[in-house]
Amino acid sequence: MSSDAGFETPKLNPRELIGLNFRNAAGLIKRSGGHVGQYFYRSSGKPRFTVIDVSTRPLADGTREYQLLLSGKNPVDYLPSLYQENPFLSNFLWIFQHMQYEQIQIMDSLHTYFIPEEAPVPFLYWMAGWFGMDPGKTGYSDDTIRALLQKGLSLFQWRGTSRGLSMYLKIITGLEPEIFENTFPQRDFVVLGERSVNDVIRNHTDSSVPYFTVHFPIGIQEFNQAEKSRIATIVEQEKPVHSMYYITFEKTERKKQKGILIGDDQIMF
1 MSSDAGFETP
11 KLNPRELIGL
21 NFRNAAGLIK
31 RSGGHVGQYF
41 YRSSGKPRFT
51 VIDVSTRPLA
61 DGTREYQLLL
71 SGKNPVDYLP
81 SLYQENPFLS
91 NFLWIFQHMQ
101 YEQIQIMDSL
111 HTYFIPEEAP
121 VPFLYWMAGW
131 FGMDPGKTGY
141 SDDTIRALLQ
151 KGLSLFQWRG
161 TSRGLSMYLK
171 IITGLEPEIF
181 ENTFPQRDFV
191 VLGERSVNDV
201 IRNHTDSSVP
211 YFTVHFPIGI
221 QEFNQAEKSR
231 IATIVEQEKP
241 VHSMYYITFE
251 KTERKKQKGI
261 LIGDDQIMF
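Here the sequence shown is numbered in the numbering used here, starting from 1 and rising by one per residue.
Just so you know, these hints were derived from the structure itself, not from any lab. Computed from a prediction, not measured in an experiment: that's the story for all the values here. Just to be clear, a hint being listed does not mean it is correct.
[What the hints assert, rightly or not] Pair by pair, the computed Cβ-Cβ distance ranges are:
#1 P122 - Y78: 31 to 39 Å
#2 S109 - Q237: 30 to 38 Å
#3 K30 - F88: 31 to 39 Å
#4 K228 - R48: 48 to 56 Å
#5 G219 - L59: 32 to 40 Å
#6 K30 - G139: 22 to 30 Å
#7 N224 - S43: 53 to 61 Å
[Unchecked claim] Straight-line alpha carbon distances no greater than 35 Å define the calculated DSBU-like cross-link-like pairs of lysine-lysine that follow:
#8 K151 - K251
#9 K11 - K30
#10 K46 - K30
#11 K73 - K151
#12 K151 - K170
#13 K73 - K11
#14 K11 - K170
#15 K228 - K30
#16 K30 - K151
#17 K46 - K73
#18 K11 - K151
Think of the CB as a built atom: it goes at the ideal place given N, C-alpha and C, for glycine as much as any other residue.
Taking the hints into account, I'd like the entire structure generated from these sequences.
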């Protein structure tokens, strides 16, 4: 068994692929951590796209590449026997048959294009546009796009709400932020010579403008600059257009000292 990010992947015996349909064999290879390389066709009495032979080679990243030989039907077989024995004609017709098989495989597996876990990357980016996502702008990885699309309907349903924004940020950062509506980030401070103030404070005079605070339960140093920019882009993109927002992070606990005011410019601790 091999391990990747804490998860074990099953070891695959190449002979196990023989007799499987190409799509099922490709899925098994992917789950084992391998890659499908080139694949060719050969005339065979087995059903179309059945794996009839396998070869492998190791790659530089430690994984294996699988080259598959699939069952097919050469158009030359439908010609008179005189032409069937011509190697050049047989190889020449395989070119066109191979092109046709590529299109047939796409049509046969078209439904998988709409499954985020299985969709090819070019179609994945196009599908992300249906939900207003711009992977190129935010720098999402392919795995992140797949995770977002799995929750696409829920995210679209709750877009513009604290619930939707929290779901979105949790997928991107792995952390579920707290969202406080109509609350300024600073909730407690001391004015010299006055008592502690815990009331909500606004930094603008127009009380009709709604605002909210997105608070992450870890320090800002845990995020690099690209991640912080991505968070800001998501909040700007997903918030109600007429609202303001603040993004805060957990601060290091500081030891508080009590002081006694004994003069206009003197404090005794």
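Consistency of the hints with the structure:
no.	hint	in the structure
1	P122 - Y78: 31 to 39 Å	holds (35 Å)
2	S109 - Q237: 30 to 38 Å	holds (33 Å)
3	K30 - F88: 31 to 39 Å	holds (37 Å)
4	K228 - R48: 48 to 56 Å	holds (52 Å)
5	G219 - L59: 32 to 40 Å	holds (39 Å)
6	K30 - G139: 22 to 30 Å	holds (24 Å)
7	N224 - S43: 53 to 61 Å	holds (55 Å)
8	K151 - K251	holds (31 Å)
9	K11 - K30	holds (11 Å)
10	K46 - K30	holds (24 Å)
11	K73 - K151	violated (42 Å)
12	K151 - K170	holds (11 Å)
13	K73 - K11	holds (32 Å)
14	K11 - K170	holds (33 Å)
15	K228 - K30	holds (33 Å)
16	K30 - K151	holds (23 Å)
17	K46 - K73	holds (10 Å)
18	K11 - K151	holds (31 Å)
The structure fails hint 11 only (numbered hints given earlier).
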